[in-house]
Amino acid sequence: MNVPQAETAVQVTELSKKFPNGPLALDRVSLTVPKGQLLSLIGLSGSGKSTLLRHLNGLIQPTAGSVDVLGTNVVTAGRRELRALRRNVGFVFQSFGLVGRLTALENVLSGSLGRLRGPRLGTITYPKALRREALDNLERVGLAAQAFQRADTLSGGQMQRVAIARTLMQRPSLLLADEPVASLDPESSAQVMDVLFRIVVEDQLTVICTLHQVELALGWAQRIVGLRDGQVVLDRAVDSLDQDEVMDVYRRVEPGQRSSQSIVDLQSPTSDRVA
Amino acid sequence: MPSDLLIRRPDSTTKVPGVDPKRRLTSDRVVMRIVLVALAVAVIWAWRHIEMSFSGLIAGFGDVQNLLGRMLPPKFSDLDDAIRLGLETLWMAVIGTTIAVVLSFPIALGAARNTTPHPAVMAVCRGIIVLSRAVPDLIFAAIFVRALGIGVLPGVIALGLHSIGMIGKLFADAIEQTDRVPREAVVSVGATKWQAIVTSVIPQAMPSFISTVLYRLDINLRSSSVLGIVGAGGIGFLMQANLRSLQYDEALGVVTVIFVLITLMEFLSAAIRATLLGGERTLVGRSAPRFSVGARLFGRVRRDHVRKDRPAARVDPETVRPPWTGELRMKTLYGLAFLVLIVVAFRSVSLNPGELLGAFDDVWRVTTRLFPPDFTTARDSIIDGIIESVAAALVATFMGALISIPLGMMAARNVAVNRVVYGLSRIFLLFVRGVPDLIVAVIFIAAIGLGPVPGTLALAFGTSGFLAKLIADAVEEINPTPREATFAVGATRSQEIVTSVIPQAMPAIVSNLLYALDINLRTSTILGIVGGGGIGFILFNALRVLELRTVGAVLITIFTVVYVIELLAGWVRKQIL
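Just so you know, the sequences run in chain order A and B. Take 877 as the starting number for the first sequence in the working numbering and just add one per residue. Take 7 as the starting number for the second sequence in the working numbering and just add one per residue.
Do not rely on the hints blindly, as some may be mistaken.
[Unchecked claim] In silico DSBU-like links for lysine-lysine, alpha-carbon gap of 30 Å or less:
1) A/Lys-894 / B/Lys-199
2) B/Lys-81 / B/Lys-199
3) B/Lys-337 / B/Lys-175
4) A/Lys-1004 / B/Lys-199
5) B/Lys-199 / B/Lys-175
6) B/Lys-337 / A/Lys-1004
7) A/Lys-911 / A/Lys-894
8) B/Lys-337 / B/Lys-81
Note that these hints are calculated values from the structure, not bench results.
Let the sequences and hints guide you as you build the complete structure.
Below is the structure:
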């Protein structure tokens, strides 16, 4: 049953991760994501969302359990195999992960490194076809005019859109996004999520996105998975959920079992950002 | 009225819970006291050991004045020669720095925690860095002259190998301080480790790289101007020849040329730093000097990335090439200029890279002959020599500190009494810093005679300039608010300096003092080469008679002592900062 079916993008089985000198970050997490699904991971900071996401493209190796992504066993994959997988998996970071001193275009171009041999530094070291593709991708996120502007002069929302354009260079079939809008103000957040959503639909991507704004998650995802202390405490389709149930993930009780304690211990999702 | 609202005069009978009426002795206070006492004892011991005395100081002062009288006015009868050798000195510095950069790059990548392929590689690379830093370039040069013969070649290799220490260390630091996330992002698109390093780590560290290279070029010019003393090329040879034949006015002429060269280079490198790195964060030096004569001469180049109001550049969708902006033009121009400079340097000293590579073979051969080291033949003189070197360094640092703290205050714009004092102090510092320590030592020795005292005085002279500049820079960066508060209660200028400026600048002063001690120790090990006492004398003698295994023993001794003092200084710095 561990064999991923053709229509499965991600299959995580009994995944556990313990960092040296740290608590159990993931505790027997199992998760199957079919192709084309838009899934949102929610939970307090430290609940294991980012750790789970980083297992999916092999940035972190698990302590126990198996991870299958797009037909590749991430745990046993060799370096070459892992790189081949990463080429197909886009990753969007909370802090954008742009090289500030390079131009927006150069940052986008770096998304094609998986397809190239040898190191590159500077726009003209990339083939012309890739340069055009990079410009097109900047156009898709609405930043073609800023192509030759240094990344560290862009606004936060613009930076994240450049980062999205960078993952587009990979022509990914799976997109992992780790708190893509947590560092942004509401207006830029909405812009970035719009861009992301449009691309995901146009390109028919599978998406796993960690979010802490519950309203965003509800409005955007098809399925919501809640993590607490490294364990899955909620896994439901969005249409069968209401906001209160989702909010329970952030409280100290099991979702659906409301008690008076939850009021005392109320942790609003916004405190996640502060913490 | 609640009693704790009363303002009470603190006296020993008042007990505040948790606060001892006497100042609490925290562990760092204890350390500070022990260090201070130990340093004081060490300085007193050292003072007596090298037979320094106040009467001797005054007599020495008279001797130097005497010699200066015979030096002035400087004569430039072989100015052509001096300029030719001065240029040779510059080319040597350029080539030496180039060698160091080429070698440092892989070493830094191996030594940085986040790029090293393996912990063992990291240990080896860090070992190379520590070793090459601990052995002064003049010692490298003296050894290589024996292997390669008199000329430019041993000099540039010595500069190159010694500079790995600083450049490699600072490159590695810059690499370690890069942001991790962009690299993770590039790795996650399926890039290899090297692709990720080139695309995300190198661009982040680049401003620090450039700043380090410029800084080292500055230092290497000072070094290469004295390498001639051991026959390793450059203008130092001419100065010593003049001194030997007692043509003091000619010697001062040569020193003037050296001074002009060094000062010009300092302006130039400040200007390049300002234009190339303005607004960038770097590890070395203040990246964008607010006031620099050089920057004013060159003007401030428009930095595209700082100007957000700039209309978006039009992109040619066909070629997608970066637009040829002023900034890109400037960077390309500087890049080309540096390449041309390196080529010109190699051609001017008629050195071809092949010859250089071949020379490393000889260098390796002479290095292997240093082992196994022979500690027994010259045991006593090695011990005496290293003790004398340490003593000289201690006394020189102490004397330098005595002069440089007030001098540093006068040269700090925010503390100086007025603009005139500030200007004069800065000009004075420029003069002191424009003459390398070893040249001052040679002059002092010519005036006073052989021995550790003139060597120590020369070091103290150099230290006062170097330290005063660092202190002045540190003082200029202190927070003005506590100072205003002190003035507001009616304090005088001197009260204010003691209660608010010095305490604020103290960590920087102590840290720079330790740094000066570190540098002085390295320099004091080479003073013996020009007759200034210490272990350098034994080294030079052993080299002359080709007792290379004794040279090996001296090198190991120097390395050990320098390294131990560096560790000690590092520990003290950590305790008190």
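Against the structure, the hints:
Note on A/Lys-894 and B/Lys-199: the hinted pairing holds, with a Cα-Cα distance of about 25 Å set against a maximum of 30 Å. For the hint pairing B/Lys-81 with B/Lys-199, the CA-to-CA distance comes to about 60 Å; that exceeds 30 Å, so the pair is violated. In summary, the hint linking B/Lys-337 to B/Lys-175 is supported, as the alpha carbons are separated by about 25 Å, within the 30 Å threshold. Of the supplied pair hints, the one linking A/Lys-1004 and B/Lys-199 holds, its CA atoms being roughly 24 Å apart against a limit of 30 Å.
This hinted pair checks out: B/Lys-199 and B/Lys-175 have alpha carbons roughly 22 Å apart, not beyond 30 Å. For the proposed pair B/Lys-337 and A/Lys-1004, the alpha carbon gap of about 23 Å is at most 30 Å, so the pair holds. Of the supplied pair hints, the one linking A/Lys-911 and A/Lys-894 holds, its CA atoms being roughly 29 Å apart against a limit of 30 Å. Between B/Lys-337 and B/Lys-81 the alpha-carbon distance is near 41 Å, which puts this suggested pair outside the 30 Å criterion.
In this structure, the hints that do not hold are numbers 2 and 8, in rising order.
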